[in-house]
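Position chain C relative to chain S; hints supplied.
The chain contents come next:
There are 2 protein chains.
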Amino acid sequence: MNQKGDEVLETALRRGFIWPSFEIYGGAAGFYDYGPLGSALKNNIIAEWRRVFVVEEGCLEIDTPTVVPFEVLKASGHVDHFLDAMVECTRCKGAFKAVDLLKEQAGVDMEGKSVKEMSKAIRERGVRCPDCGGELGEVFEFNAMFKTAVGPGSKRQAFLRPETAQGIFVDFRRLYRHGRGKLPLGVVQIGRGYRNEISPRQGMIRLREFTMAEAEVFFDPKNPVHPGFERVASERLRLWLAKDQSAGSEQITEVTAADAVRQKLVCNQLMAYYLALTVQLLRRLGIPESAVRFREQLPGQRAHYSVETWDAEVHTQRYGWIEIAGFAYRTDYDLSRHMQHSGEDLTAFIEERKEKVVCHVVEPSFGIDRIFYCVLEHSLATEGKRKILKLKPYIAPIQAGVFPLVTKDGLPERARQIERELRTAGLRVEYDESGSIGRRYARADEVGVPFCVTVDHQTLEDNTVTIRDRDTAKQVRVSIENLAEVLKRLIEGTLSIESLGGQES
Amino acid sequence: MNQKGDEVLETALRRGFIWPSFEIYGGAAGFYDYGPLGSALKNNIIAEWRRVFVVEEGCLEIDTPTVVPFEVLKASGHVDHFLDAMVECTRCKGAFKAVDLLKEQAGVDMEGKSVKEMSKAIRERGVRCPDCGGELGEVFEFNAMFKTAVGPGSKRQAFLRPETAQGIFVDFRRLYRHGRGKLPLGVVQIGRGYRNEISPRQGMIRLREFTMAEAEVFFDPKNPVHPGFERVASERLRLWLAKDQSAGSEQITEVTAADAVRQKLVCNQLMAYYLALTVQLLRRLGIPESAVRFREQLPGQRAHYSVETWDAEVHTQRYGWIEIAGFAYRTDYDLSRHMQHSGEDLTAFIEERKEKVVCHVVEPSFGIDRIFYCVLEHSLATEGKRKILKLKPYIAPIQAGVFPLVTKDGLPERARQIERELRTAGLRVEYDESGSIGRRYARADEVGVPFCVTVDHQTLEDNTVTIRDRDTAKQVRVSIENLAEVLKRLIEGTLSIESLGGQES
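Read top to bottom, the protein sequences are chains S and C.
Going by the numbering used here, 411 is the number at position 52 of the first sequence; the sequence numbering is gapless.
Going by the numbering used here, 520 is the number at position 161 of the second sequence; the sequence numbering is gapless.
Same shape as in the complex, but just chain S (with noise of 0.2 Å):
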């Protein structure tokens, strides 16, 4: 916790981009809510990732149900493997990750350490109940899967999904047909999964319900090839391998995609590829690449289906460095399992050897929430007493502020009429009438309103309005005749103030 963080933290409740879920009936932990601004910068974050994924890579995207019968995750691995480190106070029954305990308590990670190994470190360590200061029990595993049934009774048991990964896999057949048999295959989906946390305290970093934007890329093993991996070679990649890692070092190995995959620092191309749009992807989102690091998971943290891992991290004043997008080499892992489980084929058939194959899966796996968060908090800038929220004009909640100069002489009126003009033309605009002029530009400012778009007493004369700039406070005049088409241009970046001849007002 620090200042920045807390700034953030207290301008995204009071303005409405995030609150706390059911708050009047006590709140419950590991659920928030997205109010207005919150909701319209999130899908924002997601039009920007399906543009890159699946506008421009061409990645096909399905939507599946986030409620998955039994069977299903019985075959992924899930129901044996999605599993918590549990302990229980004996005294108050309060119920505790092990892990997080035994971090906060004796500042040891035993992520991925069996629960022996943490049974006895809590013991040895004297780590006891953070609520009543009880003696706790052994450690033991907790299926962090929430639990439902589908039909009357408890007839069919189901679980909420824990990726949206499995609805693709399942369907495999039907994509691979759809793609007409065409490699590598990517496949997305982006959606709800869900993890029943046993006691999560870190706001929207921990969350029980999340919005995930998920890729399996489907290839043949012996070709983990990117057709685009040219427009990417040069991008570079900040990697903190597992060695430096285990050796206790922070050190960061700056390569190309195109060297990381020569020096075989990443299992393979596709792998490097993914990377780099994702460094990328990060940039278009106001994320500067200094502030990005890819952390190769040690073998004791990786999920039960992946051979290798990398985390992309950003760096938050915040909460440090956070995970907001893992890259999983699921091998053919999920494939195998589902044609054993279902007795249905799943291969693909590569032409060129006349060979069945099942394929190979990379994964990259994006959590919406913890990016939202992160761009709230680099976009966060204090100038003085001005806090300005720098987002991106193309993701910013709200594109435009309609203001009149004066609540008077007919320019509220005149207000009112554009606003619903822009409107009409597409675009998200806030008209505002309240307080002074210089007020409604700081309100606008806090929440990341790019333009703001002035109605004065020359407007009535010549039908023009003023466009202000947020990042940089100068102002254009424009005719009202070309506004909505003005004020797209400079939503998407292919015209500025400056080059309609923009000046310090």
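Careful: at least some of the hints might be erroneous.
Below 27 Å or equal to it, Euclidean Cα-Cα: the simulated DSSO-like pairs (lysine-lysine) are [claimed, not checked]:
#1 K514/C x K475/S
#2 K506/S x K475/C
#3 K363/C x K767/S
#4 K433/C x K363/C
#5 K475/C x K452/C
#6 K833/S x K767/S
#7 K479/S x K462/S
#8 K452/C x K514/S
#9 K514/S x K514/C
#10 K847/S x K847/C
#11 K746/C x K713/C
#12 K475/C x K713/S
#13 K541/C x K581/C
#14 K433/S x K623/C
#15 K506/S x K514/C
#16 K751/S x K847/C
#17 K514/S x K751/C
#18 K475/C x K514/S
#19 K452/C x K506/C
#20 K847/S x K751/C
#21 K363/C x K746/C
#22 K751/C x K452/S
#23 K433/S x K581/C
#24 K506/C x K506/S
#25 K506/C x K452/S
#26 K767/S x K541/C
#27 K506/S x K433/C
#28 K514/C x K462/S
#29 K514/S x K462/C
#30 K541/S x K767/C
#31 K433/C x K514/S
#32 K833/S x K847/S
Treat the hints as calculated values from the structure; they're not laboratory data.
These figures come from a predicted structure and were not determined experimentally.
Only chain C this time, still in chain S's reference frame:
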């Protein structure tokens, strides 16, 4: 069932609009996957809804959890009233919805009747188990919410939300403040809703997990007006009044929105406003007003929170008239209940009267999956042997096809370049080189691709391509330099092939 309906589903399955969920494990009734084309179409329908309700109307959009604690749904009445009348076979233990069996086997509509009346009707009319012919037991009530628990054990009972609305109601105080006390205050939410149907058997029409788009419009009960009513006042509404239904008449009363209010056919102006807006929205989605009617629910049919409900129904060949949206006048039911149960003050302050009031609510609630089906059915046209999915270009999953005329002379490479440029410009395009150009056009027509770009030998000489219009098959030659811009304007409808001088090829 009938030919048109079968054609729609056959095309939808074969071409990747919808797939049965968890198919390789034998499927799960009441769940559907959206394939690559379906997911895009659904997203585009949601985008149009959002454009109307959020961008144009200025409603606040929020995004709250799908997992909802017991207390919230106890307060909302769902724990006690979200019930389905169920009956089990005494022999095979099969579970059925009593209303369905009574309709299917005895031809009576007992929606809204008591379990006693239904039990009696089952006995008297000799309704039997549809699976094994066995005798049925007594009808009883089954709560149709999916149950789960938050945290380890069953510590905190929770449900998957039956509607998105409650997430809005519990946030009322924050929303009211965010909207600076202005009424009416429209708040929307788009997301998953769940209903644990007993045994769903109607494909996409009766889902256990579905996507809803709901608006809760809070207003001063003494002033149920919409400031923009004039914009829709002359929109014509086709109403099927309760009195005509009770009299066994199919008579439709067609009135303008203004007259519906004046003649007191609907409860207030806000209700009429949203009915009219719905006609406009459906028209934008390609569903003509002649296929839309508003059915006034009979007293026994209404949900526990509503005193007047209208269903928007769309006529389909497959299922007859189906409900795609409900408009409930929820009065102050929800806010009052949450005030009682939480002890919090959720009133609004009416400045003019210096009076605290509990807002009333009109709720337009849309079922996106059903609208999706209606859009597909209303768009599928057959012209001779040619099938054309005449989707409005702005909701088409693929906005343009890019085809090399032949697969030699460098045409594929040039077409690939153009594909890449269009993707970078944000257009959803697809490259296709397989089969004759006529076959590729036909394939594109069937999935509703509105424009196809063909790269031919002339392209290599003068950097022009042809654009072919799906609905008229007219073609026009344009410069590659302007291609993205021209396509964008064709898609949004501000330009037509004819205005560009397009001709029959």
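The hints, checked one at a time:
Note on K514/C and K475/S: the hinted pairing holds, with a Cα-Cα distance of about 26 Å set against a maximum of 27 Å. Taken as a hint, the K506/S and K475/C pair is broken in the structure, with Cα atoms around 33 Å apart against an allowance of 27 Å. Annotation: proposed proximity of K363/C to K767/S is violated, straight-line Cα distance about 59 Å (limit 27 Å). Taking the CA atoms of K433/C and K363/C, the gap is near 44 Å; set against the 27 Å cutoff, the hint is violated.
A distance of roughly 20 Å separates the Cα atoms of K475/C and K452/C; the hinted pair therefore holds under the 27 Å criterion. Only pairs whose Cα atoms come within 27 Å are accepted, and K833/S paired with K767/S is accepted, the gap being roughly 25 Å. For the hint linking K479/S to K462/S, the alpha-carbon distance of about 14 Å falls within 27 Å, and the restraint holds. The suggested pairing of K452/C with K514/S holds, with an alpha-carbon distance near 11 Å, which does not exceed 27 Å.
For the given pair, K514/S sits about 22 Å from K514/C by alpha-carbon distance, which is consistent with the 27 Å threshold. Our distance criterion of 27 Å between C-alpha atoms is met by K847/S and K847/C, whose separation comes to about 14 Å. A hinted pair counts as satisfied when its Cα atoms are at most 27 Å apart, and K746/C with K713/C does not qualify at roughly 62 Å. For the proposed pair K475/C and K713/S, the alpha carbon gap of about 66 Å is over 27 Å, so the pair is violated.
For the hint linking K541/C to K581/C, the alpha-carbon distance of about 15 Å falls within 27 Å, and the restraint holds. For the hint linking K433/S to K623/C, the alpha-carbon distance of about 57 Å lies beyond 27 Å, and the restraint is violated. A distance of roughly 13 Å separates the Cα atoms of K506/S and K514/C; the hinted pair therefore holds under the 27 Å criterion. Only pairs whose Cα atoms come within 27 Å are accepted, and K751/S paired with K847/C is accepted, the gap being roughly 23 Å.
Restraint check: the Cα-Cα separation between K514/S and K751/C comes to about 43 Å, which exceeds 27 Å; the hinted pair is violated. Annotation: proposed proximity of K475/C to K514/S holds, straight-line Cα distance about 26 Å (limit 27 Å). Of the pairs offered as hints, the one joining K452/C and K506/C holds, with about 22 Å between alpha carbons and a cut-off of 27 Å not exceeded. This hinted pair checks out: K847/S and K751/C have alpha carbons roughly 23 Å apart, not beyond 27 Å.
In summary, the hint linking K363/C to K746/C is supported, as the alpha carbons are separated by about 12 Å, within the 27 Å threshold. As the CA atoms of K751/C and K452/S are separated by approximately 59 Å, the hinted pair breaks the 27 Å bound. Restraint check for K433/S and K581/C: not satisfied, since their Cα atoms lie roughly 56 Å apart, outside the 27 Å limit. Pair hint K506/C plus K506/S holds up; C-alpha atoms about 8 Å apart against a cutoff of 27 Å.
Of the pairs offered as hints, the one joining K506/C and K452/S holds, with about 24 Å between alpha carbons and a cut-off of 27 Å not exceeded. Between K767/S and K541/C, the direct Cα distance comes to roughly 20 Å. Compliance with the 27 Å bound is thereby established for this hinted pair. Taking the CA atoms of K506/S and K433/C, the gap is about 20 Å. The hint holds against a cut of 27 Å. Proposed proximity of K514/C and K462/S is supported: the alpha carbons are some 25 Å apart, at most 27 Å.
This hinted pair checks out: K514/S and K462/C have alpha carbons roughly 25 Å apart, not beyond 27 Å. Between K541/S and K767/C the alpha-carbon distance is near 20 Å, which keeps this suggested pair within the 27 Å criterion. The hinted pair formed by K433/C and K514/S meets the criterion: a straight-line CA distance of about 24 Å does not exceed 27 Å. For a cut-off of 27 Å, the pair hint linking K833/S to K847/S stands: about 18 Å separates their Cα positions.
Of the numbered hints given earlier, the model fails hints 2, 3, 4, 11, 12, 14, 17, 22 and 23; all others are met.
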